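Student: Here is what each chain is made of, one letter per residue.
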Amino acid sequence: MVGDRGWKKVGLVALFLLPALIPLLVFRIFPMLASLWVSMTKWNLLRPPEYLGIENYVEVLTDAKFHKALLNTLYYMVGYLPLVLVGAIAIAVLLNSKLKGATFFRGIYFLPVVTSWVVVALLWKWLLSPQGGMVNYVLGLVGIDGPGWWTDPNWAMPSIIIASVWKDLGFNMLILLAGLQSIPDHLYEAATIDGATRWEKLRYVTLPLLTPSILFAMILAMIGAFQVFDQVWVMTEGGPAGATTVVMEQVVKNAFKYGLMGEASAMSWVLFAIILLFTVFQLRFQKRWVHYGD
Amino acid sequence: MHITKPAARWRMAGVGILATTALLLAGCSAGPAESDGPVTIEFFNFTAGADHEAQLQRIVDAFEDENPNITVKVQNAPYEDYFTSLKTRIAGNTAPDTFELNYENFVSFASSGALLDLETAAPDAIDKSVYFPKAYDAFNFDGVQLGLPESFSVVVLIYNKDLFDAAGLDYPTADWTWADEKAAAEKLTNAGAGVFGEYQPVQFFEFYKSLAQSGGEFFNDDMTKATFNSEAGIAAAHHLVDKVGNTMPNEAQMGGIGDDVLFQQGKIAMWHNGIWQFNNLLDIPSKWDVVVEPGNTQHASHFFANAGVASASTKHPVESAKWLQYLASSDLTVDIRLNEDWELPAVADKALLEPYLSITPPENRQAVFDSLDSVVVPPVIERQQELQDIVTLYLQKAVLGELSVEDALNQAVQEVNALL
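Chains as they are written, first to last, in the numbering used here: chain A, 1 to 294; chain B, 295 to 714.
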């Protein structure tokens, strides 16, 4: 039972929560719910919305363009996730050792994270330029004729993956580094006394105890991968000839270029459902591989 | 052509946010001032940009001097953000009193009932006789005049005289056909040195024009079916697609450098582009001139036009119409546009345009007006942006060799038909 004083406390807490709650309601929750309604209408912003029911969802789910965008998004994810996670684990383990200059390198690896995506995407567009780009120049020095990168339908997605991994490594490294530092030293000491080699310590102490951080990084990276957009928009705009079209790019085009607010909203909710499904799946199966040290 | 690259900052899955926020804000904003007494009208535009804000302000100042009770509040947005912002305001019932539309976007706004019937709302404020008829009629929708032609531009063939001289070739003339252009382009191309004979973007706008140059029609007469996969369409698509990687650089050969920069560097001999480029070419080292674009079976030139329109919901229809008329055709506007190269005023009186012709380069500025003899407006439907993207996409598939030109056009026609 909450007495008078208890209610007063609830009121006080609510008062302090309000400044955070109002923007959350106005700018997140309400628009989300509103987009659910928009997704069941035909609305080009110029005419009043027209109720359609689930027609937009049927349209989206049977639309070949959406299928292609979804497949491309999965392609991106399959390329991006392992690279960014394995890369981040490797760097985190390296920078967790008490090397001289580790702090400096942590800063360096984190720099791309705080750089605007537009800048990073343009940078990589230049680096990967088939004409005078640095990457192909270096490949040329060792006798390799570099590909057309983002101008070639087969290489455009790998180009975007490379840029994304480069930018996001630092963020994932940071999460994993925090995880590494919470592993107690006495476990390593015990392992040393038992005669474990460095590799065995990594394999049987570090990695198992890092799994909660890996899970966290993986879920965030997966959600980010489903919503991949900025780099695509700046580097290829979905091209060449639709080779890098992704779901969020379709959402933005439908909403803000084609004036198809209903279809764009329906697409967003389909994407939301897919992300939710994948996340629940991951949380379900975490018991198989995630160890919470006790 | 306008470069459309909307700002890259939409990560949210809930796309209703912008629109719904606008709806919320709409409830809070105050209504406009009353009509008796001083009136303030808003003018939202994308053509002033960063380059011509001062010029627009001079027009506004002069208008306000002549109409002391009207204040014009100018709001600028870059082209890539303009339409999102505009539509959001219309959806939120806070539409600006007056704003701009380009011809391609005009139909979707017109058919949605967002625009004011100017001739009915303010018959005394409008004088249609001052406008170039083709431009005026372009903004007539179902017999109702919904916009005044504010400016227009055309596309011409811009060529580098030095490259022609070096190759010992005669300059292009107005009698040239595609075959002449191709023959010259082949002789001018030296891919090893990074020099190409020509550049013509492979996209919707160049295609509809090439189609017209071959005598083809984009749609059937009652606009119920796309017909651009005809023989003329196939010829037009081949004309564009076959250049790429031969007499014209492909994406990889350009490596992210724009065609404008390549022309300025003397790497492109013949460049299909608009008269809005002239100002960017004043200081380039090469000599250049322009000529009416070569045709196939006939001549056809692009016609891009912008209109001043008023919102159907404006509380000041007469003042809005007065402002639009002044903006589109006052002597001051004509003078500023011609002398400061801010597109061309769509006025009927050719004598007014004389000063423009005396500006060099290019020597042959007359070609701009000669182009007007055979202008074709782009085919426009309500779902215009999708139409443009579909055509461009399939042309690119043909460029990449994913589809034959014929298959690409057939598939594009199918998708376009679904939009009608």
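Check before you lean on any hint, since a few could be wrong.
[Unchecked claim] When the alpha-carbon atoms are kept at most 27 Å apart in a straight line, the in silico DSS-like pairs for lysine-lysine are as follows:
(1) Lys519(B) - Lys42(A)
(2) Lys455(B) - Lys428(B)
(3) Lys125(A) - Lys42(A)
(4) Lys367(B) - Lys455(B)
(5) Lys257(A) - Lys100(A)
(6) Lys616(B) - Lys367(B)
(7) Lys581(B) - Lys428(B)
(8) Lys65(A) - Lys519(B)
(9) Lys257(A) - Lys519(B)
[To be verified] Here are a few chain B residues that sit away from chain A, every Cβ distance over 12 Å (derived from the structure):
(10) Asp355
(11) Asp359
(12) Gly462
It should be emphasised that the hints constitute simulated quantities derived from the structure, not laboratory data.
The structure displayed is predicted, hence computed values, not measured ones.
We put the beta carbon where it would ideally sit given N, CA and C, even for glycine.
Student: Each hint needs a verdict: does it hold in this structure or not?
Tutor: Hints versus structure:
At most 27 Å may separate the alpha-carbon atoms for a hinted pair to count; Lys519(B) and Lys42(A) meet this at roughly 23 Å. Between Lys455(B) and Lys428(B), the direct Cα distance comes to roughly 33 Å. Violation of the 27 Å bound is thereby established for this hinted pair. Restraint check: the Cα-Cα separation between Lys125(A) and Lys42(A) comes to about 37 Å, which exceeds 27 Å; the hinted pair is violated. Of the supplied pair hints, the one linking Lys367(B) and Lys455(B) is violated, its CA atoms being roughly 45 Å apart against a limit of 27 Å.
Taking the CA atoms of Lys257(A) and Lys100(A), the gap is about 52 Å. The hint is violated against a cut of 27 Å. Proposed proximity of Lys616(B) and Lys367(B) is supported: the alpha carbons are some 14 Å apart, at most 27 Å. Pair hint Lys581(B) plus Lys428(B) does not hold up; C-alpha atoms about 33 Å apart against a cutoff of 27 Å. The suggested pairing of Lys65(A) with Lys519(B) holds, with an alpha-carbon distance near 22 Å, which does not exceed 27 Å.
Using a Cα cut-off of 27 Å, the hinted pair Lys257(A) and Lys519(B) holds, with the two alpha carbons roughly 23 Å apart. Once the 12 Å rule is applied to beta carbons, Asp355(B) is consistent with being away from chain A; the minimum gap is 32 Å. No beta-carbon of chain A comes within 12 Å of the beta-carbon of Asp359(B); the shortest separation is about 35 Å. Every Cβ of chain A is farther than 12 Å from the Cβ of Gly462(B); the closest lies at roughly 29 Å, confirming the non-interface assignment.
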